[in-house]
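**Q** Each chain, written out:
2 protein chains.
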Amino acid sequence: MKSPLIGITVGDPAGIGPEIVVNALIKHALNRSHRLVVFADRSVIQQALDQTGQHAEIVEIGHPDEYTPDRDAIHLVNGQVLDGPVQMGLIQAACGRSVYQHVALAIEWAMQERIDAIATAPLQKESLKAGGCPHLDHTAICKALTRSDDATTLFMVDRLRVFFLTRHIPLRDIADAIDEKLLTEAIPRCLGYLEMLGLEKPNLAVAALNPHGGEDGLFGTEERDLIAPVILKMQGKGYRVEGPVPGDSVFHLAHEGIFSGVLSLYHDQGHIATKTLDFYRTVSLTLGLPFLRTSVDHGTAFNIAGKNKANETSMIEAIRCADQYAFQIRQGR
Amino acid sequence: MKSPLIGITVGDPAGIGPEIVVNALIKHALNRSHRLVVFADRSVIQQALDQTGQHAEIVEIGHPDEYTPDRDAIHLVNGQVLDGPVQMGLIQAACGRSVYQHVALAIEWAMQERIDAIATAPLQKESLKAGGCPHLDHTAICKALTRSDDATTLFMVDRLRVFFLTRHIPLRDIADAIDEKLLTEAIPRCLGYLEMLGLEKPNLAVAALNPHGGEDGLFGTEERDLIAPVILKMQGKGYRVEGPVPGDSVFHLAHEGIFSGVLSLYHDQGHIATKTLDFYRTVSLTLGLPFLRTSVDHGTAFNIAGKNKANETSMIEAIRCADQYAFQIRQGR
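Just so you know, the sequences run in chain order A and B.
Per our numbering, the very first residue in the first sequence carries number 224; after that it's consecutive.
Per our numbering, the very first residue in the second sequence carries number 224; after that it's consecutive.
Treat identical chains as interchangeable: a pair holds within one or across any two.
DSBU-like mimics (lysine-lysine), calculated; alpha carbons at most 35 Å apart, straight line: (1) Lys424 - Lys456; (2) Lys456 - Lys532; (3) Lys456 - Lys348; (4) Lys250 - Lys366.
Hint data in this document are derived by calculation from the structure and do not stem from the laboratory.
Computed from a prediction, not measured in an experiment: that's the story for all the values here.
Chain A extracted, bound-state conformation:
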C-alpha cells in the first residue's frame, strides 16, 4: 500500500513557517521518507531556501498524479498570490491573502481526496484579518470550508494524548462552565477519536478540577458532586472512562500508558502538561473534519523569522503525525 500523500501549508510567509517547512523537508530529509506536497507561492519557498541555505528543485504540480518519487524536489501547488520576496516579521495583508489561498487550496485537495491529510505551519491572525479572511484561524477555516460542526483538538506527545473540555475562557469561569451535558457529550466523543487513532479498547481519564481532586470536598466540591457521578453513569453505560484523577498525576499516568487519553478540564491544565513534558515535540491534531489536520503548537515567531534560527522539531512531528494517522482518520469516518 502506498503511504499517504501529505499536504503541507507554510503559514504566514513573513513568519518562521516557510523556513521550518524547508528545513524539515530538505535538511531533515522528510522529503525522502514521506510523500509530501507543499501549498505555497513559489517565491515564498525560494526565499526560504535562500534563508536556510538549503538546495532543492521546485516542481510545480496541478494534480497528485504529477507527484514523482524524485525525493530531492519540493512538489509545489502554487496558489500564485505573491511573486517576490516578502519582508520578514511584519503583518502584511498580502501575506494574509497568501495564507488563506493556500490553506483553502489544501482543503480543496483534501476534500477531493487528492491528498490524505494536511500539516500546517503557523499563521498570524492579524495578517489573516488584514488580508480579508473572514475566519479567525486554521481551525475556523477548516470548519467553514468543510462544513464541519465539530472540530476537536487533541494534543499529543509520545503516548500522552490530551483533549480539552473548555479552552479560551478566564480561569475564574472554568468551574461554572463545566456541567453534566458538556462532560456527558465529551466522553464518548473522545473515546471515539482514540479508537479512530487505532487504539484498541481505549480508556479515558477525566482530570480533576481541584487540588488532590478536592480531597472529598475539602478543597472543592465539583469532583464529588458533578464529575464523579457523571463518570459513574457513563461507566454504567459501558464507556471505559475513569476518574476524576488529580491533575498532578493523571498526565504522568497517561504518559506511562495507564490511560489512552486524558480529558483535561481547562486550557492550561493540558497545555502545561504537554508543553512542559516536551515543548518542541507536542503536536496538535484537529479531529472531526473529513480528513486529519495536524499542526505545530507554536506561533510565527516574527522576531526570529527568516534568520534560520527557528526550531523545526514541532513541524517535523506534525508531518510525521499526519503521515501516521492520515488513513486511519479517513477510514474511521
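Please arrange chain B on chain A, whose structure you already have, making use of the hints.
**A** Just chain B now, kept in the frame of chain A:
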C-alpha cells in the same frame, strides 16, 4: 570540609517509607556516598530489610560523634516506640506515634546542629492523628517545633524550581485569593530563597493565571489589572522578576534555564508541570526553617507497602538534594 550529616525519617512504618529508605541506602548505596543517619524504630528498619532482601548492620547511635565511616551499616537513632513488626498498609495509632516521635527527634538533632538537614519519607495523616499528634503533617510539625512563622515549599526537578502562591484551595477560589499584598510579599521571599540555594543573580518568573496570559483581557483581566502592575512596581524597586508568563511556556522556559524559578499561582499549575516532567525525580524542599527539610513528593502507597514494589527514585533525590543544599540553607539564614 566534611560533607553534611543528613537525618532521614522513614515516615509511616506501615507505608512504603521504610523500604524506599532501605533501598536508597543499601541497594543504591547512598550510604557509601553520603553521611546518613536514620531516625526510626529498630524493628521497623529490620522489617524493611527483610521485605527488601537487603542486608546491613544496624548501628544505634545517641550522638553524631558515634557516626563512623563504616558505610555498610545503617546508623540509627532509635526512638523506641515500636518493638516488633507492624501490619503493612493499615492506619495504626502506634505507627502515628512512631512517626511523630522520630520526626520530633530528627528536628531536635537538627536544631542542635547535630545533623545538617532532614529528608523525610511520607507519613499518613490519619495515622498521625490516631496517634494523638496535634499537627497535620510534616510541614506543620516542623513549623511548630522550630517556632517558624514561614515555611515555603519549593518543588525542584532538574533546573526547574517552582514556588506556590496559593495551595490547597478550590480552583474557583484562586482568582479571588490572589491580591497585591500576597504577590508583593512572595516575590522578594522567593528571590531570597533562590539566592540562598546558591543561584547568582536569580530571576523569578511569575506565571500567568489565564490561558495565553489573558490575551490582553480577552480571556481574563487579572494579568492586566493586577499581576503585570505588581511586577512592574517590583521591577522598579530593583527586583529581578518577570512576567506574567503564560502557564504553558513558563515552566518549559525555566527548565531550559531562562528563569531561575517560577512563582506558580495555584497548586495544580506548578504540580502538573513538575510531576508530568518527571514524576519520580520531583523533590519538595521546605524553606524558612532553621534547617533544610527535603521530602519525596508522593504518599505512603499503602496498597503496595511492604511488597518491595515501590519506586525509591524520589527518596534518593530527596536525600541527594538535602546533601547538596544543607550547608547553604544553614549559612543563608
